[in-house]
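Chemist: Given next are the chains, with one letter for each unit.
2 protein chains.
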Amino acid sequence: MQQYFVAGQAQDVVIITDKDTIKHMFNVMRLTENDEVVLVFDDHVKRLAKVIDSAEHRFEIIEELDSNVELPIEVTIAAGFPKGDKLEFLAQKGTELGMAKLWAFPADWSVVKWDGKKLAKKADKLAKITLGAAKQSKRNVIPEVTLFEKKAAFLEELEQFDRIFIAYEESGKEGETAILARELSQMKAGEKILFIFGPEGGISPEEIETFESKGGLKIGLGPRIMRAETAPLYALASISYALELMK
Amino acid sequence: MQQYFVAGQAQDVVIITDKDTIKHMFNVMRLTENDEVVLVFDDHVKRLAKVIDSAEHRFEIIEELDSNVELPIEVTIAAGFPKGDKLEFLAQKGTELGMAKLWAFPADWSVVKWDGKKLAKKADKLAKITLGAAKQSKRNVIPEVTLFEKKAAFLEELEQFDRIFIAYEESGKEGETAILARELSQMKAGEKILFIFGPEGGISPEEIETFESKGGLKIGLGPRIMRAETAPLYALASISYALELMK
Numbered sequence: 001m002q003q004y005f006v007a008g009q010a011q012d013v014v015i016i017t018d019k020d021t022i023k024h025m026f027n028v029m030r031l032t033e034n035d036e037v038v039l040v041f042d043d044h045v046k047r048l049a050k051v052i053d054s055a056e057h058r059f060e061i062i063e064e065l066d067s068n069v070e071l072p073i074e075v076t077i078a079a080g081f082p083k084g085d086k087l088e089f090l091a092q093k094g095t096e097l098g099m100a101k102l103w104a105f106p107a108d109w110s111v112v113k114w115d116g117k118k119l120a121k122k123a124d125k126l127a128k129i130t131l132g133a134a135k136q137s138k139r140n141v142i143p144e145v146t147l148f149e150k151k152a153a154f155l156e157e158l159e160q161f162d163r164i165f166i167a168y169e170e171s172g173k174e175g176e177t178a179i180l181a182r183e184l185s186q187m188k189a190g191e192k193i194l195f196i197f198g199p200e201g202g203i204s205p206e207e208i209e210t211f212e213s214k215g216g217l218k219i220g221l222g223p224r225i226m227r228a229e230t231a232p233l234y235a236l237a238s239i240s241y242a243l244e245l246m247k
Numbered sequence: 001m002q003q004y005f006v007a008g009q010a011q012d013v014v015i016i017t018d019k020d021t022i023k024h025m026f027n028v029m030r031l032t033e034n035d036e037v038v039l040v041f042d043d044h045v046k047r048l049a050k051v052i053d054s055a056e057h058r059f060e061i062i063e064e065l066d067s068n069v070e071l072p073i074e075v076t077i078a079a080g081f082p083k084g085d086k087l088e089f090l091a092q093k094g095t096e097l098g099m100a101k102l103w104a105f106p107a108d109w110s111v112v113k114w115d116g117k118k119l120a121k122k123a124d125k126l127a128k129i130t131l132g133a134a135k136q137s138k139r140n141v142i143p144e145v146t147l148f149e150k151k152a153a154f155l156e157e158l159e160q161f162d163r164i165f166i167a168y169e170e171s172g173k174e175g176e177t178a179i180l181a182r183e184l185s186q187m188k189a190g191e192k193i194l195f196i197f198g199p200e201g202g203i204s205p206e207e208i209e210t211f212e213s214k215g216g217l218k219i220g221l222g223p224r225i226m227r228a229e230t231a232p233l234y235a236l237a238s239i240s241y242a243l244e245l246m247k
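So the sequence lines, in the order shown, correspond to chains A and B.
Residue numbering for the first sequence is 1 to 247, as defined by the numbering used here.
Residue numbering for the second sequence is 1 to 247, as defined by the numbering used here.
Accuracy of the hints is not assured; some may be wrong.
All copies of an identical chain are treated as equivalent in the list; a pair is satisfied when it fits inside any one copy or across any two copies.
Claimed, not checked - Result set (SDA-like, lysine to any residue): computed pairs, CA atoms no more than 20 Å apart in a straight line: (1) LYS86 - GLY132; (2) LYS113 - VAL13; (3) LYS101 - ILE225; (4) LYS128 - ARG227; (5) LYS247 - GLN186; (6) LYS247 - GLU183; (7) LYS173 - ARG47; (8) LYS150 - GLY190; (9) LYS138 - ALA228; (10) LYS247 - SER185; (11) LYS86 - ARG227; (12) LYS173 - PHE148; (13) LYS173 - LEU48; (14) LYS117 - ARG163; (15) LYS247 - MET187; (16) LYS83 - LYS247; (17) LYS192 - GLU156; (18) LYS247 - ILE179; (19) LYS173 - GLN2; (20) LYS247 - ARG182; (21) LYS50 - TRP103; (22) LYS101 - GLY175; (23) LYS50 - LEU158.
Quick caveat, the hints were computed from the structure, so don't treat them as lab data.
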């Protein structure tokens, strides 16, 4: 069944006001009286709803659904600005894999230089992608996207996390395999974790030092070299496997 | 250090004859006498080699390297023909994530219809992608690509596997989470496993029955709906996590 995210709190009767949502519901999907959809409001609960007036875009809530597909921990993926459309790729695939937030920052070895204007445009585009992917993968939450113009602003946010992992290629090459598995086995539901990934060139030694000084742990993600946009998918799938499939 | 795959067996002195390899070595990378590279022959062992004659493309093997980045089990990914360039995507990302072989077959619900000519062309393209990705991710093995024109030919190959998993969306929705973790915990090094994924529309009930009759187990890959091309990456990352990071 089609799922839509609706800003605001759930009420017994809801009028949809967002233009894109209305367009998709009534022009693309051609919803008509008594058709049912799933609506997700700001409380992240899925609710079955039925059209009671298609001209006025009015729905009646039928019931709450017992469907929560969110990871038991809140995972933020932070990537050093990568080239091209790799963030777009990450926005889509990361949403399918359960990411809570997508952050990106200008890393020392980022090749691209994005100014405020470019970042605002890119953030808009990424938000559209996470919204679309969240609908399609039936998420309860739309991953928030934040692009930091300055690395300092990103660093200030690190203290809010329970654990910080630094995906470090050299750790993988050196055969470091144990830390992520150990940490995931100790994770408690609701914890907030941050995974930091470098751009194509990797994370600079100074950045490693900074992240470590803020509590970051260097981890390996297996022995194979992965591209910048592939490693976050590995991390998210591992978290799901450890906390959802092995539970 | 740059890595190249070379057909044949290793000898003390090797002359490179493959045109693409020569071009990359001597035109792109501009190798010259005493420059070192890693060569991987048919035995999948990495060897350090040094240029002794750049005009004749002649190398001397210096030593075997103790670097094996292959998964401890041999994982074949089989996908129902998906739309567009999703197989190309899978060829690249699957290689980074340790896949041993990439297979694809015409599934009941495949939208695309590819004839023998198209398949041969596509297989060529995919082989180039797996080769490139295998070099970049420093694999010991280039994943083989096989595109089956008839489903019957694919089905005949199923008996060679120790375990067959059917990635079944409905299993995930119903909350099936235990089987893959249980099976991976029992896996022995060297086993051959097959993961079957449907095209965008999924696997038909008749196909499920056929795969089950050949020993396939339906598994869930977590509660979120993933696109056809994302689910195989989840599976490969989970296998790496279970068998390489948790070992």
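Chemist: With reference to the structure, classify each hint as holding or not holding.
Modeler: Quick rundown of the hints versus the structure:
For a Cα distance limit of 20 Å, the shortest separation of LYS86 from GLY132 qualifies both inside one copy, at 17 Å, and across copies, at 19 Å. In this assembly of identical chains, LYS113 and VAL13 lie within 20 Å of each other by CA distance neither inside one copy nor across copies; the values are 47 Å within and 46 Å between. Proximity of LYS101 to ILE225 under the C-alpha cut-off of 20 Å is restricted to the inter-copy arrangement: shortest distance 18 Å between copies versus 25 Å within a copy. When the C-alpha separation of LYS128 and ARG227 is checked against a cutoff of 20 Å, the pair qualifies only between copies, where the shortest distance is 17 Å, while the shortest distance within a copy is 24 Å.
In this assembly of identical chains, the alpha carbons of LYS247 and GLN186 lie at most 20 Å apart whether taken from the same copy (12 Å) or from different copies (16 Å). In this homomeric assembly, LYS247 and GLU183 come within 20 Å of each other (Cα to Cα) both inside a single copy, at 15 Å, and across copies, at 14 Å. For the homomeric pair LYS173 and ARG47, the shortest alpha-carbon distance between copies (17 Å) is at most 20 Å, but the shortest distance inside one copy (47 Å) is not. In this assembly of identical chains, LYS150 and GLY190 lie within 20 Å of each other by CA distance neither inside one copy nor across copies; the values are 29 Å within and 48 Å between.
In this homomeric assembly, LYS138 and ALA228 come within 20 Å of each other (Cα to Cα) only across copies, at 15 Å, whereas the closest approach inside a single copy is 26 Å. In this homomeric assembly, LYS247 and SER185 come within 20 Å of each other (Cα to Cα) both inside a single copy, at 10 Å, and across copies, at 13 Å. Taking the closest pair of Cα atoms, LYS86 and ARG227 come within 20 Å of each other both inside a single copy (10 Å) and across two copies (17 Å). Taking CA atoms no more than 20 Å apart as the test, LYS173 paired with PHE148 passes in neither setting, with 30 Å inside one copy and 36 Å between copies.
With identical chains, the CA atoms of LYS173 and LEU48 are at most 20 Å apart between copies only, with a shortest distance of 17 Å across copies and 49 Å within one. Taking identical chains as interchangeable, the C-alpha atoms of LYS117 and ARG163 are never at most 20 Å apart, the minima being 32 Å within one chain and 52 Å between chains. Taking the shortest alpha-carbon separations for LYS247 and MET187, both the intra-copy value of 12 Å and the inter-copy value of 19 Å come in at or below 20 Å. Taking the closest pair of Cα atoms, LYS83 and LYS247 never come within 20 Å of each other, the shortest separation being 37 Å inside a single copy and 34 Å across copies.
For the identical chains of this complex, LYS192 and GLU156 are intra-copy neighbours only, at 16 Å inside a copy versus 47 Å across copies, given an alpha-carbon limit of 20 Å. Both within a single protomer and between protomers do LYS247 and ILE179 lie at most 20 Å apart by alpha-carbon distance, with minima of 19 Å and 11 Å respectively. Taking identical chains as interchangeable, the C-alpha atoms of LYS173 and GLN2 lie at most 20 Å apart only when they sit on different chains, with a minimum of 15 Å there against 44 Å within one chain. In this assembly of identical chains, LYS247 and ARG182 lie within 20 Å of each other by CA distance both inside one copy and across copies; the values are 15 Å within and 11 Å between.
Taking identical chains as interchangeable, the C-alpha atoms of LYS50 and TRP103 are never at most 20 Å apart, the minima being 36 Å within one chain and 43 Å between chains. Within a single copy, LYS101 and GLY175 get their C-alpha atoms no closer than 29 Å, and across copies no closer than 24 Å, so neither meets the 20 Å cut-off. Within a single copy, LYS50 and LEU158 get their C-alpha atoms no closer than 42 Å, and across copies no closer than 46 Å, so neither meets the 20 Å cut-off.
In the structure shown, a violation is registered for the earlier hints numbered 2, 8, 12, 14, 16, 21, 22 and 23, in ascending order.
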